[in-house]
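Visitor: Sequence:
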Amino acid sequence: MLKGLNPILSPELLATLRAMGHGDEIALVDGNYPGQEHARRLVRLDGHALIPVLDAILSVLPIDDFVPEAIFRATVKQDIDALDPVHREIIDCCGRHEPNSRVVPLIGADFYPRVRAAHTLVQTSEPRLYGNVILRKGVIYP
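Residue numbering for the sequence shown follows the working numbering, beginning at 140 and increasing consecutively.
In case anyone wonders, no lab produced these hints; they're calculated from the structure. Please note that a few of the clues may not be correct.
Claimed, not checked - Have a look at the derived ranges for each label pair, beta carbon to beta carbon:
#	residue 1	residue 2	range
1	G234	N145	11 to 21 Å
2	K142	R235	13 to 23 Å
3	A158	P191	37 to 47 Å
4	V215	P252	14 to 24 Å
5	G160	D185	39 to 49 Å
6	P252	K142	31 to 41 Å
7	Y280	Q217	32 to 42 Å
Unchecked claim - EDC-like mimics (lysine to aspartate or glutamate), calculated; alpha carbons at most 20 Å apart, straight line:
#	residue 1	residue 2
8	K276	D203
9	K142	D194
10	K276	E151
11	K276	D163
12	K276	D220
13	K276	D223
14	K216	D203
15	K276	E208
16	K276	D185
17	K216	D249
18	K276	D204
19	K216	D194
20	K276	D218
Since the model is a prediction, treat every value here as computed from it, not as a measurement. Even for Gly, the Cβ is constructed at its ideal location relative to N, Cα and C.
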């Protein structure tokens with residue numbers, strides 16, 4: 140245990156977040172997502188739901204402010220406007236940490252290739268469908 144760090148941030152996840160560079164993306168996915176198949180690097184956080192994991196990661200990860208869009212979420216099938224409760228919670232959590240960043244919905248055809256290209260995929264035990272989000276790492280200013 141470390142002071143000031145959420146215990147959800149496992150040693151493997153902390154090392155991954157530290158190793159990522161500016162512009163690298165990390166995907167946080169639900170328990171039904173084919174993580175093993177889509178991951179370049181896979182970090183499993185079994186037993187944890189998406190929102191606590193998202194909250195823990197955003198407590199240490201800067202979000203890219205060099206680009207207009209740096210946070211993305213999955214959509215309900217092809218409906219870009221549908222907001223399931225999990226999506227509202229994603230938006231609320233991101234808003235607490237990154238109030239100037241909009242959460243951009245991506246339909247599956249755009250979302251899945253981005254997950255496959257991500258630096259790391261974090262597999263949660265989130266039971267809700269479409270509980271997936273991608274974060275683009277920013278910088279720490281001097």
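Visitor: Compare the structure with each hint and give your call.
Guide: Consistency of the hints with the structure:
| no. | hint | in the structure |
| --- | --- | --- |
| 1 | G234 x N145: 11 to 21 Å | 18 Å, holds |
| 2 | K142 x R235: 13 to 23 Å | 21 Å, holds |
| 3 | A158 x P191: 37 to 47 Å | 22 Å, violated |
| 4 | V215 x P252: 14 to 24 Å | 19 Å, holds |
| 5 | G160 x D185: 39 to 49 Å | 27 Å, violated |
| 6 | P252 x K142: 31 to 41 Å | 39 Å, holds |
| 7 | Y280 x Q217: 32 to 42 Å | 39 Å, holds |
| 8 | K276 x D203 | 5 Å, holds |
| 9 | K142 x D194 | 17 Å, holds |
| 10 | K276 x E151 | 17 Å, holds |
| 11 | K276 x D163 | 6 Å, holds |
| 12 | K276 x D220 | 26 Å, violated |
| 13 | K276 x D223 | 25 Å, violated |
| 14 | K216 x D203 | 27 Å, violated |
| 15 | K276 x E208 | 11 Å, holds |
| 16 | K276 x D185 | 23 Å, violated |
| 17 | K216 x D249 | 12 Å, holds |
| 18 | K276 x D204 | 9 Å, holds |
| 19 | K216 x D194 | 25 Å, violated |
| 20 | K276 x D218 | 27 Å, violated |
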